[in-house]
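Could you slot chain B onto chain A? The hints should help.
Those sequence lines, one after another, are chains A and B.
Residue numbering for the first sequence follows full-length UniProt numbering, starting at 1 and increasing by one per position.
Residue numbering for the second sequence follows full-length UniProt numbering, starting at 1 and increasing by one per position.
The set of hints was computed from the structure by calculation and includes no laboratory data.
Mixed in with the good hints, there may be bad ones.
[As the list claims (entries may be wrong)] If you only want the chain A side, here are some residues facing chain B, beta carbon under 10 Å, derived:
| hint | residue |
| --- | --- |
| 1 | 398 |
| 2 | 469 |
| 3 | 486 |
| 4 | 508 |
| 5 | 509 |
| 6 | 560 |
| 7 | 563 |
| 8 | 713 |
Heads up, the beta-carbon is just placed ideally off N, CA and C, and yes, glycines get one too.
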Amino acid sequence: MSYDNPYTRAPPVKNAASSSLGASNPLHGWLPRKVYAKQVREAMDGDVNPFTQQPLSESYKKILQARKKLPVFAQMEEFLKMFSENQIIVMVGETGSGKTTQIPQFVCFSDLPHTKGKMIACTQPRRVAAMSVAKRVADEMDVQLGKQVGYSIRFEDMTESGTTFMKYMTDGMLLREAMNDPELSRYSTIILDEAHERTLSTDILMGLLKALAKRRSDLKIIVMSATLDALKFQKYFSVSTDGTPAPLFKVPGRTHPVEVFYTQEPEPDYVEAAIRTVLMIHRAEDPGDILLFLTGEEEIEDACRKIKLEADDLMNQDPDSVGPLVCIPLYSSLPPQQQQRIFDPAPPARTPDGPRGRKVVVSTNIAETSLTIDGIVYVVDPGFSKQKVYNPRIRVESLLVSPISKASAQQRAGRAGRTRPGKCFRLYTEKDFMTELEEQTHPEILRSNLANTVLELVKLGITDLVRFDYVDAPAPETLMRALELLNFLAALDDDGKLTHLGSIMAEFPLDPQMAKMLIVSPEFRCSNEVLTIVAMLSVPNVWIRPPNQRKEADAAKAMLTVPEGDHLTLLNVFNNYMQNKHDKNWAWNNYLSVRALVQAENVRSQLLRIMERFELDLVSTDDQRKLYIGVRQALCCGFFMQVAHKEGEKGAYLTVKDNQVVALHPSCGLETQPEWAIYHEFVLTTKPYIRTVTDVKPEWLLEFAPQYFDMSAFPDGETKRALVRVQSKRARKFEVANGNSKPSDRPVKKARK
Amino acid sequence: MSDEENDYLSDKFLQELTAPAAPKTYAERRKEAQRIAALKNEQNRRKSRKQLELEAREEGLRKSLFERAKEDEASGQQNKALAMMMKMGFKPGESLGVKHDGDKMSPSVPASASAEATPTGDRASTPDAGPSTSAKHSVQHRVEPIPLNEWAGKKGIGLGKRAASPGAPERLAKMARMAADQQEQVSHSAFRDRARQEYEERRAQGRLAPAQRTCITLDEKEGREFNILWLNPDNPATFPDGLLDALEDPDLVAILQRRQADDSIEGRMRARMRADALQPLTSALDDDSASAAEKAGLRKTPYSEEDIQEATQFLRLSAKDRLELVLDYLRQKYAYCFWCGTQYDSQEDLDTNCPGPDEDAHD
Numbered sequence: 001m002s003y004d005n006p007y008t009r010a011p012p013v014k015n016a017a018s019s020s021l022g023a024s025n026p027l028h029g030w031l032p033r034k035v036y037a038k039q040v041r042e043a044m045d046g047d048v049n050p051f052t053q054q055p056l057s058e059s060y061k062k063i064l065q066a067r068k069k070l071p072v073f074a075q076m077e078e079f080l081k082m083f084s085e086n087q088i089i090v091m092v093g094e095t096g097s098g099k100t101t102q103i104p105q106f107v108c109f110s111d112l113p114h115t116k117g118k119m120i121a122c123t124q125p126r127r128v129a130a131m132s133v134a135k136r137v138a139d140e141m142d143v144q145l146g147k148q149v150g151y152s153i154r155f156e157d158m159t160e161s162g163t164t165f166m167k168y169m170t171d172g173m174l175l176r177e178a179m180n181d182p183e184l185s186r187y188s189t190i191i192l193d194e195a196h197e198r199t200l201s202t203d204i205l206m207g208l209l210k211a212l213a214k215r216r217s218d219l220k221i222i223v224m225s226a227t228l229d230a231l232k233f234q235k236y237f238s239v240s241t242d243g244t245p246a247p248l249f250k251v252p253g254r255t256h257p258v259e260v261f262y263t264q265e266p267e268p269d270y271v272e273a274a275i276r277t278v279l280m281i282h283r284a285e286d287p288g289d290i291l292l293f294l295t296g297e298e299e300i301e302d303a304c305r306k307i308k309l310e311a312d313d314l315m316n317q318d319p320d321s322v323g324p325l326v327c328i329p330l331y332s333s334l335p336p337q338q339q340q341r342i343f344d345p346a347p348p349a350r351t352p353d354g355p356r357g358r359k360v361v362v363s364t365n366i367a368e369t370s371l372t373i374d375g376i377v378y379v380v381d382p383g384f385s386k387q388k389v390y391n392p393r394i395r396v397e398s399l400l401v402s403p404i405s406k407a408s409a410q411q412r413a414g415r416a417g418r419t420r421p422g423k424c425f426r427l428y429t430e431k432d433f434m435t436e437l438e439e440q441t442h443p444e445i446l447r448s449n450l451a452n453t454v455l456e457l458v459k460l461g462i463t464d465l466v467r468f469d470y471v472d473a474p475a476p477e478t479l480m481r482a483l484e485l486l487n488f489l490a491a492l493d494d495d496g497k498l499t500h501l502g503s504i505m506a507e508f509p510l511d512p513q514m515a516k517m518l519i520v521s522p523e524f525r526c527s528n529e530v531l532t533i534v535a536m537l538s539v540p541n542v543w544i545r546p547p548n549q550r551k552e553a554d555a556a557k558a559m560l561t562v563p564e565g566d567h568l569t570l571l572n573v574f575n576n577y578m579q580n581k582h583d584k585n586w587a588w589n590n591y592l593s594v595r596a597l598v599q600a601e602n603v604r605s606q607l608l609r610i611m612e613r614f615e616l617d618l619v620s621t622d623d624q625r626k627l628y629i630g631v632r633q634a635l636c637c638g639f640f641m642q643v644a645h646k647e648g649e650k651g652a653y654l655t656v657k658d659n660q661v662v663a664l665h666p667s668c669g670l671e672t673q674p675e676w677a678i679y680h681e682f683v684l685t686t687k688p689y690i691r692t693v694t695d696v697k698p699e700w701l702l703e704f705a706p707q708y709f710d711m712s713a714f715p716d717g718e719t720k721r722a723l724v725r726v727q728s729k730r731a732r733k734f735e736v737a738n739g740n741s742k743p744s745d746r747p748v749k750k751a752r753k
Numbered sequence: 001m002s003d004e005e006n007d008y009l010s011d012k013f014l015q016e017l018t019a020p021a022a023p024k025t026y027a028e029r030r031k032e033a034q035r036i037a038a039l040k041n042e043q044n045r046r047k048s049r050k051q052l053e054l055e056a057r058e059e060g061l062r063k064s065l066f067e068r069a070k071e072d073e074a075s076g077q078q079n080k081a082l083a084m085m086m087k088m089g090f091k092p093g094e095s096l097g098v099k100h101d102g103d104k105m106s107p108s109v110p111a112s113a114s115a116e117a118t119p120t121g122d123r124a125s126t127p128d129a130g131p132s133t134s135a136k137h138s139v140q141h142r143v144e145p146i147p148l149n150e151w152a153g154k155k156g157i158g159l160g161k162r163a164a165s166p167g168a169p170e171r172l173a174k175m176a177r178m179a180a181d182q183q184e185q186v187s188h189s190a191f192r193d194r195a196r197q198e199y200e201e202r203r204a205q206g207r208l209a210p211a212q213r214t215c216i217t218l219d220e221k222e223g224r225e226f227n228i229l230w231l232n233p234d235n236p237a238t239f240p241d242g243l244l245d246a247l248e249d250p251d252l253v254a255i256l257q258r259r260q261a262d263d264s265i266e267g268r269m270r271a272r273m274r275a276d277a278l279q280p281l282t283s284a285l286d287d288d289s290a291s292a293a294e295k296a297g298l299r300k301t302p303y304s305e306e307d308i309q310e311a312t313q314f315l316r317l318s319a320k321d322r323l324e325l326v327l328d329y330l331r332q333k334y335a336y337c338f339w340c341g342t343q344y345d346s347q348e349d350l351d352t353n354c355p356g357p358d359e360d361a362h363d
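This is chain A alone, in the form it adopts within the complex (with noise of 0.2 Å):
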């Protein structure tokens, strides 16, 4: 393939002014992918921005000083030449290092892909992170963010086609642009950043690119990761047939030591140590901020809570040495406002002579990668944390407590240097941390549900998804679930081949089920409402419950529910929020989340538009009730795989097919205990939890999911004879209404095919 292929998807950028402008153009006469470092400082430091050709501020040659201490920039003749001597690359920086912003940059300069009409992408796992480096690096370069740096996440897209020539997206965006276009033909660099985070779309991406690699040569790849697994992903991208790595371009961080201190003994209680050990510190370390990581949400306040009490003890007892403590929690459900106070300054001393204030954070690991606070000194690790792990013998989604691994642990204590030499207490021994953690945490890959990984690698023309070059691979009960949800979805017909709805519910950036929902809806005539409720479960959780006011939240929270279901009540919430928009408290009023709501609304459009590409009508009925049996039918043709059946006792309900005893989540709005329950997830927390649940008949599921509900392939038990007894009442009634014509009040047959 040639660099200047005519047919490519984005044309060159036809730059009148730069052909007027001649020989000024700071890249005249540079070769693509043969630029020497002297070229690119002479560029970056002269009076024209070489990709606008527009002078260049002053706030942009302010940066460009702070960037030049960067410890990257110094390496960048280094980076060059390998960059132009090879095609694959791995890159080791650690944090502060400056890779995020600056190695795209380089790249810029060198791979000139606005010249030959292509793109440069850099991953990233986190939205925020694309938006904000985003915006980092349009600064950098002085232009405008949309324009020729620009970004794209799920649901929104700050790029100008035509135009942008550097874009940071999250991997699963590029996983989603692979899907049609397997070449990735519009991008001549790929960068895949935070690759040791191991998120389970880098690692599919890097098993595509590996192959990819070999097709188009063209194409240059950096793969950019902390410190630790470098050595596996060199092996893994070793492109001679001798096995030798890929080649490391390594920069030192810019991070300072941190003494590590251990226990003596095992902790009994490692809540009640970390708050003895925060107190320890505050009484007796020298200023500096403290990072306490703990699991969740109530462990968090709870420790909030206790630490105060304690600090505002000591400091009463003897304020000539103890200063003041903020204690701030910090955990994915805040929010964002208060999440935002993590950033605000210590306390001041309360005496000006005194001794002064400290903050302390107790977050759960997202203080681990995802954020940084500046001014930490000081780490305490208990060494937990809550992990997300998919088991696909029972289905579930765990959500347990476990020790972390040796390397989060190096993470955790790397946040204490950022500023200055920093300590970290471990809350465990040295021999313990040596034997009883894991070297690295489980990649993703491993701990996920893959049936939407799986629909787009078949989309992507993957067929044989057994023998993948995967980094890490999958579990195959795993692949074998997927396999088999896309099957009874019909997305895949039974040799495991892409079928048309398939095709269809992959352009949706949404789990399977979910797209069937939303692809069947219109035959139920109701896709307006399915709609909304899709929008809805693909945004953060829109209920706000302050842990002071969760009887007034939980009364605000009855007033919208639908007794039908969870389902409806999303939809309840957010036809309320639509019709009280003039009203700016009112979501403030119905403790829900503006955020959530706003975000929803988003989603919402941005799925109308993939409906509208598809010509799935957007409809609705005026009778409620039966608006409501429609969404609740439609429900059915895309979760029919995730039901329970009320059972013996009291709340106890036991999923379809797998057995496994589960109760309503106290979340749940449901008046009753409806004897068949959908739900969207079932969740193994403190218990196994079934949330988000709506009433369905069972009825429905024998008529649009027979094949999961067949009765000679279904395991024997209650619920199987409650199922059987309803299939021979059904049959009854059949034969007593008109022989063996179908019901005719149905308003489609079935959503498969």
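Showing chain B alone in chain A's frame:
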């Protein structure tokens, strides 16, 4: 006022009349006892909602989807997802991912992989040794899903249950099931069944001793100092010092002692006669309490709570069930088949050359 007064038509009088009814007949008492037993049973069942959840989970996690697919196939249902995977070149027991032929060099790789695939997962007790993190990077991919590990309470690292004996919880769950089955059987079985059971029980009892001896030998060769499976109520010598006291379960200890005496029909008859002769059993009890007091000084047992719990459970089981557990353990841990009397080279060897886990298969 009128409220206070008792209306002579009030049914209170009737109740009073019926309450102190005639002395109960045997049948009535029996019915009453049955009712109470049923109630208790029901309460037990209700109490253990958590137990139910746990058992369902254990049950669900125990069996791999491939085994389930195999069972379905036996009943004529083909698993489409598995068929798709087979078409892609998958074989149950293998991992996904690219196959590197070069790595077949080390024979341990396929062996350990197949061991991990064994359902009962005693070998899967090393769930994290096999997969990705191994030193050899590339090839060793996961064969089994990541197990669900619940961390107990707020204990710090180093005190957790994890990794200590990952096989134990599974075995505990199995024991609980066996015990439940046993109870059910006892209450429902007729005399003839019971006699047959007693016969089988005695037979199992006879087999148990040699099986346990084998187990002790093999364990000791591995350097293990104690294993619950060594315990034999008929042979006090199998109880290490202090364990019996540590059990702290008077019922069980009493049962043990009774078992040690005699538990056959004749034995019970003899006991009955003894009771009828008003010969107090206190002597035995006194003995017990005396020895308990004597040993109270040695109370600091080296046994963890888990061990004790497991031992208690184990001893409550019938000899037949205990035998099954011991034999299971021998097969999985040492690839030893008691019926063949052979220790095989590996699980694979055992699977191919041993006719089966039951005695019947060895005729």
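Each hint tested on the structure:
no. : hint : verdict
1   : 398  : holds (5 Å)
2   : 469  : holds (5 Å)
3   : 486  : holds (9 Å)
4   : 508  : violated (22 Å)
5   : 509  : violated (24 Å)
6   : 560  : violated (31 Å)
7   : 563  : violated (25 Å)
8   : 713  : holds (5 Å)
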